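Enquirer: Given chain U, put chain H in place with the hints provided.
For the record, the sequence lines run as chains U and H.
Start counting at 1 in the first sequence, then tack on 28, and there's your number in my numbering.
Start counting at 1 in the second sequence, then tack on 28, and there's your number in my numbering.
Hints are not guaranteed to be accurate.
Since the list gives no way to pick out one identical chain from another, each pair is judged satisfied if it fits inside one copy or across any two copies.
[To be verified] With a Cα cut of at most 27 Å, we get these calculated DSSO-like pairs of lysine-lysine:
(1) K695 - K437
(2) K695 - K523
(3) K356 - K50
(4) K356 - K56
(5) K194 - K155
(6) K50 - K385
(7) K218 - K194
(8) K385 - K155
(9) K385 - K56
Calculated from the structure, these hints are not laboratory results.
As the structure is a prediction and not an experimental result, all values here were calculated from the model.
Number of protein chains: 2
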Amino acid sequence: MGEFVFHFGGDAQSVDPRAQEKAVVGGKGANLAQMAAIGLPVPPGFTISTEICAHYAGGDRLIDDDLRAQVAQGIAHLEAATGRRFGDPVTPLLVSVRSGASVSMPGMMDTVLDLGLNDVTVEALAKASGDARFAWDSYRRFIQIYGDVALGVDHYLFEDALEIAKEDNGFFTDVEMEAQHWKALVSEYKSIVETETGAPFPQDVDAQLWGAIAAVFDSWDSERARTYRRLNGISASLGTAVTVQAMVFGNRDQQSATGVAFTRDPTTGARQCFGEWLINAQGEDVVAGLRTPQYLTRAAREAAGAKPLSMEEAMPEAFAQLTGLFTKLEEHFRDMLDIEFTVEQGRLWVLQARSGKRTAAAALRMASDMVGEGLITQQEALLRIEPMALAQLLHPTLDPDAPRDLLAKGLPASPGAASGAIVLDAETAERRAERGEAVILVRVETSPEDIHGMHAAVGILTARGGMTSHAAVVARSMGRPCVTGTAAISIDAAKRSLSIGGRQMREGDTITIDGTTGEVMAGSVPLTRSELVGDFAVLMGWADQVMAETGRHLGVRANADTPAECLVARQFGAQGVGLCRTEPMFFQAERIDAMRRFILSPEARARQKALDHLLHLQRDDFRQIFQDMAGLPVAIRLLDLPLHGFLPESQADMATLAESLDIGLDKLRRLAGEMHEFNPLLGLRGCRLGIAYPELYAMQLRALFEAACEAAQTHAPAQLEVMVPLVSSAAELAAIRVQVETIAQDVFNAQGLTLSWRLGAMIEVPRAALMAGTLAGEAEFFSFGSNDLTQTTLGMGRDDAARFMGRYVDRGIYGADPFITLDEAGVGALIALAREQGRAARPDLELGLCGEHGADPASVAFCLAQGLDYVSASPYRVPVARLAAAQAALRAG
Amino acid sequence: MGEFVFHFGGDAQSVDPRAQEKAVVGGKGANLAQMAAIGLPVPPGFTISTEICAHYAGGDRLIDDDLRAQVAQGIAHLEAATGRRFGDPVTPLLVSVRSGASVSMPGMMDTVLDLGLNDVTVEALAKASGDARFAWDSYRRFIQIYGDVALGVDHYLFEDALEIAKEDNGFFTDVEMEAQHWKALVSEYKSIVETETGAPFPQDVDAQLWGAIAAVFDSWDSERARTYRRLNGISASLGTAVTVQAMVFGNRDQQSATGVAFTRDPTTGARQCFGEWLINAQGEDVVAGLRTPQYLTRAAREAAGAKPLSMEEAMPEAFAQLTGLFTKLEEHFRDMLDIEFTVEQGRLWVLQARSGKRTAAAALRMASDMVGEGLITQQEALLRIEPMALAQLLHPTLDPDAPRDLLAKGLPASPGAASGAIVLDAETAERRAERGEAVILVRVETSPEDIHGMHAAVGILTARGGMTSHAAVVARSMGRPCVTGTAAISIDAAKRSLSIGGRQMREGDTITIDGTTGEVMAGSVPLTRSELVGDFAVLMGWADQVMAETGRHLGVRANADTPAECLVARQFGAQGVGLCRTEPMFFQAERIDAMRRFILSPEARARQKALDHLLHLQRDDFRQIFQDMAGLPVAIRLLDLPLHGFLPESQADMATLAESLDIGLDKLRRLAGEMHEFNPLLGLRGCRLGIAYPELYAMQLRALFEAACEAAQTHAPAQLEVMVPLVSSAAELAAIRVQVETIAQDVFNAQGLTLSWRLGAMIEVPRAALMAGTLAGEAEFFSFGSNDLTQTTLGMGRDDAARFMGRYVDRGIYGADPFITLDEAGVGALIALAREQGRAARPDLELGLCGEHGADPASVAFCLAQGLDYVSASPYRVPVARLAAAQAALRAG
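Looking at chain U on its own, in the form it has when it is part of the complex (with noise of 0.2 Å):
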């Protein structure tokens, strides 16, 4: 059979390449292997191959001579490289076992630690350590560990067993356990394992070993194993290797100790020694807590006013041993890394190194740095940071050192933090915030008439409603921090006051929300704006330079409703609007009643006269925005909302309009009653609103190209684009054609110049996309409109799938919440059937995607992947965007 057990650390030479091989010795085999290759001192140890793996779990479960003997010889290596030896009752070597598949995967065995104690060796140990309380406990989790995974003993009788101990001697907690309770405690598991194995516990340590290695692989075949790797699609092949490394301990004696180290600062990216130790300990001790860590460097120690002396003091020869690693180790990893030491006696041992996490700064800083350092390319720097971890930096968050007094927890649906008062209502929150007041918008769920209120919000808050609610799509577009779906909210209108995680509180008070983690505080937190200016846009001009490098394309765009957002979406360097909702633009207090007279005036006259009002409005909004994206592509959607969706809710709201209409209110009633719709995403909206009120839209026509033509008098021409929403046929958007054509041509005409536009369709339903050969012959670009069609391709209402998505996607019946990352399978397989079937009818055909997943990295990787020309994001996820392109052109090669 060959080699099959790879020897690392000590004297080990192995140049069989395998031996580096995560698909051989598995992901913690690798990694050990490679430290050690590259000189680090690794305490040494040996991985059996995931093959033999495959062969036992073939059936016969065989462990036969050769594997024996090349594990025998494992053994001796380790008795060679610790000069200790396995089973030796004086200096006896300890090791650990392990499960290591190519794949990290839950289900497979734990870690069995200090393999080799019995009877004997335990005092050996106590001896060594001079720490017989350490000794014993070790050796009775030795035996509830294997007894647990090797030998098949129910741990609940284990822990019932040292429940009793407690009891018995009176003691609450473990840590009040001395040599002699651990001592007896190890008599009970004995018995334990002898009475329910029928054998006694096995004092052999070969016995131990080959008991351990066997329930590595018997691990493979389990239940959960299987269950998650039919979920994950990995090969039940594959097998996992088994690692035996020595033991190594940080508690010997004064001149021992654990830590753990980064080669960087984590938090702001520095390249400093960052960490902290225990002298005499192991690395429990740290994870306990039950002493403090003091720290690496004496800069750090002195910079906290800490006494006790850091390691650099303490020992300068192992600290210096230690940080002289960091370059080679980054220089290997290519990466800045975590990790894991302990010194033994005065020896130091890594025991792991891996790529160590950090904050979005951090990322930033550091990638900016390793190119500079010439460690990495900028394109390695560019895969190196999370997309949506930018967003985190383009926000302010709360000042992680202030106290927080916390109420409640909803849904992270906007990022960055806020403090303000709390207001119940848009109004109120708009005439608060006039005088200048900061104020944070709580409502059961926002609708369209609440957006002046979110605009004039710092953050919002709601109780209902999910990570793409209506709040929250507005709060991420508008860049406010906004936590959704605060179950723990109820609000009472009459009394203007609400309880908040049972916390009575009224409006005006102050809270603070996180739209990053979903949490609600009372009172005001203080926050923190990163100052990373400097290297994002460095990112950002290496993301644009990578990506033209690659000879791939994909713009970014942003959906921007108002001037304001088209500034900060230039500014984050979107390459034009891929979609402009004109909804926003008649929510403003004027405009809103100008729209309602037209809706719902029983006079044609005075239609006219409110449309002809809102056509003087929206020409001024269009301009701006024209001028402000100059030169660059703005898609303009006409009208999509349903009428109804722009009537008062509040029955005092309806009087008021009543009596400005001049109707009565029961016929208003009335009136408002008959454009109810069942379904409202499926209604009277979009281009159908059109065609039923062909008025509405030659208005918003004539404010375009007006606009259009005022702007183009001082500013380069945008790129004028008209996009119909909601299309599901040809002659849809034949009808509209005529219209604009007509429109255009008037205004062109009257004002003595012409401007080139183009339209297109919204692909939001099935059937545009089931016929986009037809379309195509109408339109000049697509624009998938990915929130509708999602909600349509699975049936799922956005704000309705908030109810059962978290069960579906934790049973896995989803991969991933469809409405943050592309479905794919469904919806991606429209999106792939309507640009082959629109590019064969017109090849020269854009299409762009501007739904919510335009800023989201799988979804923008499919994009790409799909020849699509650009995607369109809310104006704070532009960079996330940019960024997600570049990787996946980077990684699609």
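Expert: Only chain H this time, still in chain U's reference frame:
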């Protein structure tokens, strides 16, 4: 160029088969040529072939010498056949000129009559007819239409001149105009033509003829014609033919007449002459209603007790000649014919013969008779019956002779007619029906809560909703007449009164509704029920036989929710139940209480108790259904309706419920409010419910399998199909399959017998169709739920779409209402995709369709072409679907 002017009538002896081909001489020309060819006395004429149009419209508008020569020969043929001469001052030949493409096409030139009239020939016509008024009126009509279509004079100018002439003479109607007035108007008309065209009205009859021919060719290229062709996919190269035919006059003397005859009675189908005529009159006189037409036969005259002689009595020779043609005509056209005829001075002319319109009952009888007579084959007979007309026969209809007091008109949502007392809610309906009263449930719209009231009522009338609204769908499945969308209804629930078409009525007043026409009438209108069981049964037998002979297969099942519906379905020949909805079972009084307790009880025990109660009841329902459908497949759909659909709507009902649940009304309102959904169609329903509340499906499955076992004790086992609604992912189906397997096995073990069952997915959302390959891994059958699939594919709620679908169809944006006829381009494409991928994954996958489209003939044809195994329709539509399937099979060849 060969022959391109084809003669017919007179002694024309064309042997060129092209003379009778629609593609060459147009529909009208071909019909005339065929009639002439079989020896019918058709006024002589000739047709210029479509080929010339292509040539002419091709660009140069050339009318060359060859064409002139062939047209001159055509005129000579007319002159020879009539003994008149074109332009002759004494015996002038007058002709009609009409356009005729091979397909019927609006936008083409109107027929020009009496061409050949001028200042001289008009006098001859006056003399010959002895009616100067008629002659001058004809002349002015000729100038008017010719001026418009051939000379481009705005027709308003003529109309204005006529108005002025009447005013000048103090007349209110055209009837008052005498010969001298018409003559004066002719002068006026001629000067209009001269002023507008710069030339006098052409007196040269050849110039008139060529002007008309050119106008026909020009009209082929008109805006309207081109638009129509584009929208209907008609090639411009087809061209139109021009037919020139000699005019004949039924108003020359008392030996002249005009009339209409049917070869069989179009009301009953009996083989007897039917029709009406007028002596010394022309066709217009019949249409204008100035004189009352008389009976053709003596028998009919006597039966009606009329005085004026019948044609049989007044003109026995012409009558004998006319009826003598019937057999010849029916043998040639193989159908009952509607004949327009004129007798000119004793000579019979047939102007037109086409398939006669007929009632459904007549259609059935004639089809059956004609097969008996050997006139047509069974296959032809089947193809003659309009499947939807069958539905008419299965329901009571209004006595056509009874007087009606029409109140309003709504949409004909479910065929049949009914009279009864108005009731305004389901409870009252049930209460009064229990007393034996016939009631009509009148609602703004219905909801599932009204089902028991709809069952109790003899008819349903709603103010809102379309042809596929809840009321319409349920009414059709119950076979109840239903009129929906009757906007002229407003209900005052508090006062228990309503207004229909402005008429005040109260609960208890009697109305009559006709679900076949949408009419609502005051009082009780007598009903009739067709007694056509014999012919109907015969036809259905042929349908099955013919279907078998074609070697094609498309089964027909029924959508049946109750034992009563199952019985109707089986009687109508359903081959199983394709959809048994379980929701209606929950809406009976004691059941809905249990359902509400399940939904709202805070205690798990109370919830389970409610379910246990339902289990018991549902098992009884299922057992009866399985017994009724013994041996046949029965597809039971697991609960699909969102839970809030079971909650009460009125405040009073809420209060009662709160009391019975022993929770506060406020709390109940809050619980109910939390269940509110923005778009219920896209919410927590279908199998999402089953996954969220596994105990609910568990109850249904247990009831189902226990009932099946019980039924199997005494009856042949039904073929159990468990149908999972609203599937969008294979994982959903897999989860439910585990549940079904467990419960089925449990029940089989307990009952000591095993029944086979199958699990299937309803394909109701586009994603299901797109994922069909993986779904088929878990499903043994697919059932296309075409209602929901249409709603989601088009992004269009069927009830909400009622507000704009009419306009959409009128404007050709959709070719047909997609909720009535399956949208082949969109929804059909998904069905085709699902079939292909599904059968690729599982070759024996069974495919059915169970939406409202299951009885729409075009949709049924699509299902057959797609190779579906069956369609499922509401019980009363099963015969419709069977006939449609047979027709589709025949047409598919």
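Enquirer: Take the hints in turn and mark each one as holding or not.
Expert: Here is what the structure says about each hint:
no.: 1; hint: K695 - K437; in the structure: between (43 Å within a copy, 23 Å between copies)
no.: 2; hint: K695 - K523; in the structure: between (30 Å within a copy, 18 Å between copies)
no.: 3; hint: K356 - K50; in the structure: within (21 Å within a copy, 90 Å between copies)
no.: 4; hint: K356 - K56; in the structure: within (19 Å within a copy, 94 Å between copies)
no.: 5; hint: K194 - K155; in the structure: within (25 Å within a copy, 132 Å between copies)
no.: 6; hint: K50 - K385; in the structure: within (22 Å within a copy, 80 Å between copies)
no.: 7; hint: K218 - K194; in the structure: within (18 Å within a copy, 123 Å between copies)
no.: 8; hint: K385 - K155; in the structure: neither (38 Å within a copy, 110 Å between copies)
no.: 9; hint: K385 - K56; in the structure: within (18 Å within a copy, 84 Å between copies)
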